[in-house]
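Visitor: Chain by chain, the residues:
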Amino acid sequence: MKESYNDIINIRRMVFADIARIAYDDLDLKKLGDDTYRLIPGEKAYYREDVFRERAVIAERLRLALGLDARTAAESGPISEGIENVDVDTRVYTPPLVAVIKIACEACPTKTVFITDNCRKCLAHPCKNVCPKNAVTIEKHGAVIDQAKCIKCGRCKNECPYHAIVEYDRPCAASCGVDAIKSDYLGRAEIDADKCVACGNCIQECPFGAISDKSEIYQLIKAIKSGNEVYDIIATSFAGQFGALTTPEQIFAGIRQLGIKEVVEVGLGADLTTLNEAKEFIEEVPEKEPFMGTSCCYSWKLMVQKKYPEVNDYISESSTPMVYTSHHIKKNNPNSKVVFIGPCVSKKLEALQEHVKEYVDFVITFEELMGMFVAKEIEPSEIEVEDKITDASVTGRGYAVGGGVANAVVARIHEVKPDMVVKTECAEGLAECVKMMKLAKLGLKNGMLLEGMACEYGCIGGPGTIVTSSRAKKSVADFAKASPFASPADNDNIDPEQKPR
Amino acid sequence: MKIKVCVGSNCTMMGADGILDSLENLKETILTKPGVNPAFTLDVEIVRCVGECKKKKNVSPVVVVDDVIYRNASREEIMSIVLDKAFDHIMTK
Ligand code: SF4
Ligand code: FES
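So the sequences go chain by chain: P and E.
In this text, residue positions in the first sequence follow the working numbering: the first is 6, and each later residue adds one.
In this text, residue positions in the second sequence follow the working numbering: the first is 240, and each later residue adds one.
Keep in mind that the hints were calculated from the coordinates and are not lab data.
A few of these clues could be false.
To be verified - List of simulated lysine to any residue pairs, SDA-like, C-alpha gap at most 20 angstroms:
(1) E/K295 - P/K7
(2) P/K381 - E/K295
(3) E/K293 - P/E387
(4) P/K479 - E/K266
(5) E/K295 - P/P46
(6) E/K296 - P/R18
(7) P/K284 - P/D197
(8) E/K266 - P/R476
(9) E/K243 - P/R18
(10) P/K7 - E/F279
(11) E/K324 - E/L270
(12) E/K296 - P/D151
(13) E/K294 - E/K324
(14) E/K293 - P/D151
(15) E/K243 - E/P273
(16) E/K266 - P/D151
(17) E/K296 - P/K7
(18) E/K266 - E/V304
(19) P/K381 - E/R287
(20) E/K296 - P/I16
(21) P/K311 - P/D197
(22) P/K7 - E/S261
(23) P/K7 - E/R287
(24) E/K296 - P/Y51
(25) P/K126 - P/D151
(26) E/K296 - P/K126
As the structure is a computational prediction, the values presented were derived from the model and not from experiment.
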């Protein structure tokens with residue numbers, strides 16, 4: 006969440022609440038067009054140049070929230086086109102899960118160095134003097150850069166005494182750690198599916214809200230309504246997300262009021278990931294593998310797979326906390342459905358993979374869950390609860406914050422081998438992950454445990470979060486402290502047979 | 240000055256935490272600077288749903304400043320109310 010983008014965040018959340026309301030109230034999806042007027046009422050534009058475009062864009066958002074693809078302006082037709090295909094109670098959406106809403110994209114210029122009207126046309130004109138491509142000329146009103154010649158070295162910008170020269174990139178491309186944003190024939194952003202790892206960073210950064218992920222909130226609600234036993238596994242970063250007065254226990258109770266049978270912390274699976282990764286590290290590094298990368302962030306793993314296949318084997322083989330937790334539920338309740346609720350867009354993609362899809366039936370974000378609370382008029386902070394949550398250990402709960410995974414694994418290693426020295430490095434943000442892996446590939450990280458998190462601050466900085474990272478960090482720390490299990494090995498919710506020896 | 244920030248479901252969804260963050264940030268930055276009216280105090284309270292969202296749709300986030308209700312409150316609006324009061328003794332009206 007990028008908290009200063011209030012309007013964009015609010016539009017996105019209103020759409021989730023709206024789709025949830027349609028699903029809960031069994032409203033006719035064919036009338037979806039009416040919702041564009043409900044969400045964008047009146048005839049005065051508030052967000053964009055005119056109200057028609059505002060409604061057109063929100064229509065595409067509604068479609069994405071139902072799991073459909075966003076359309077371009079060329080694909081005319083009613084907004085309810087194809088809607089019968091998604092009016093079901095099982096997962097339907099298919100990749101790409103992150104897409105540009107073309108009619109919302111402003112085709113921002115790609116990387117540019119530009120002289121603003123702060124230029125005083127000074128006599129010294131250092132901008133012209135330092136340009137290695139002779140791209141700056143002094144015209145009638147000031148200095149001008151010939152964009153065809155400019156190589157974006159930024160020298161002129163650094164020299165200007167008036168700070169009149171700016172360098173900028175399109176926010177989507179600047180935020181992408183794997184260089185997946187291209188341009189289409191109209192100069193609008195286009196996501197290169199071969200490179201994209203679905204981290205969701207561009208969704209947060211576009212100042213026009215032109216990039217969105219798909220949702221399956223509608224199908225989830227239908228699955229609950231059609232009588233399925235639905236269990237929720239909730240990511241460790243959930244604490245503090247649903248209002249400053251709502252306790253973790255109240256969040257669980259609120260989710261049960263949505264018709265969900267039981268809620269389990271994904272921290273439980275995180276404990277298994279810790280135990281397995283610690284064992285793996287002790288056995289493999291450095292004898293069999295030069296270093297080991299953590300396995301819980303799917304975008305990080307996918308980035309390594311796509312960009313550094315040569316070292317892909319050195320990413321831990323442990324399953325992700327999501328998979329372990331779901332397995333924990335499904336082994337006793339094979340007919341149940343499991344929804345993962347988290348801060349994450351890339352889990353939506355992970356859940357479509359072989360060996361994962363049988364465990365995880367739906368994935369939604371905290372924002373989408375908030376939309377469900379609002380649609381059902383549930384106030385978690387007002388629910389009375391007594392039971393404490395005791396699914397996960399202190400360090401399992403710590404996975405939510407950058408550095409938490411490495412911290413958990415090292416703590417476990419030291420329980421088994423107190424004298425073992427383990428050097429760690431944690432990269433937050435996909436670009437940092439790429440840098441770390443590049444060096445690892447060159448052998449510069451040998452012997453180390455490498456934690457990769459595609460989001461800055463770790464999961465609490467994910468695109469589907471509701472509160473600021475600093476607020477979330479405090480809540481997660483308090484909740485971790487409250488765990489009855491100091492070590493993942495003490496977690497008695499986990500079947501002893503499942504724990505590695 | 241007493242500010243109540245509603246953190247019920249609707250208001251949290253529509254950005255109550257952003258308003259809280261802005262107020263906390265003011266307390267740590269501008270309000271520590273010299274020049275603040277010595278009589279000025281800021282008391283921020285977080286409260287459960289104040290009921291406004293149940294009376295009328297699309298009013299969140301709701302903030303109550305010294306008993307005046309602000310519907311669809313924005314952080315810039317609330318911050319400027321605070322600063323106007325904090326520096327009222329030096330402002331020319
Ligand atoms: S930042 Fe947004 S509006 Fe600008 S090019 Fe990227 S997707 Fe389009
Ligand atoms: S949630 Fe704020 S008024 Fe109801």
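Visitor: Check the hint pairing E/K243 with E/P273 against an upper bound of 20 angstroms on the C-alpha distance.
Guide: It is violated: about 26 angstroms lies between the C-alpha atoms, which goes past 20 angstroms.
Visitor: Would you mind confirming whether the straight-line C-alpha gap from E/K296 to P/K126 stays at or under 20 angstroms?
Guide: Violated. E/K296 to P/K126 sits at ~54 angstroms, over the 20 angstroms cutoff.
Visitor: Check the hint pairing E/K296 with P/R18 against an upper bound of 20 angstroms on the C-alpha distance.
Guide: holds, 15 angstroms
Visitor: Would you check the hint for P/K479 and E/K266, treating anything up to 20 angstroms between C-alpha atoms as holding?
Guide: Distance ~18 angstroms between P/K479 and E/K266 Cα, so the pair holds.
Visitor: Is it true that the CA of E/K295 sits at most 20 angstroms from the CA of P/K7?
Guide: violated, 28 angstroms
Visitor: Check the hint pairing P/K381 with E/K295 against an upper bound of 20 angstroms on the C-alpha distance.
Guide: The given pair, whose Cα atoms are some 16 angstroms apart, holds under the 20 angstroms limit.
Visitor: Is the Cα-Cα distance between E/K293 and P/D151 20 angstroms or less?
Guide: Violated. E/K293 to P/D151 sits at ~58 angstroms, over the 20 angstroms cutoff.
Visitor: Does the alpha-carbon distance linking P/K126 and P/D151 stay inside the 20 angstroms limit?
Guide: holds, 16 angstroms
Visitor: Holds or violated: are the alpha carbons of P/K7 and E/S261 at most 20 angstroms from each other?
Guide: holds, 14 angstroms
Visitor: Would the pair E/K324 and E/L270 pass a check requiring their Cα atoms to be no farther apart than 20 angstroms?
Guide: With Cα atoms ~11 angstroms apart, E/K324 and E/L270 stay inside 20 angstroms; holds.
Visitor: Is P/K381 within 20 angstroms of E/R287, Cα to Cα?
Guide: holds, 17 angstroms
Visitor: With a cut-off of 20 angstroms on the C-alpha distance, tell me whether E/K294 and E/K324 pass.
Guide: violated, 30 angstroms
Checked against the numbered hints given earlier, the structure breaks hints 1, 7, 9, 10, 12, 13, 14, 15, 16, 17, 23, 26 and satisfies all the rest.
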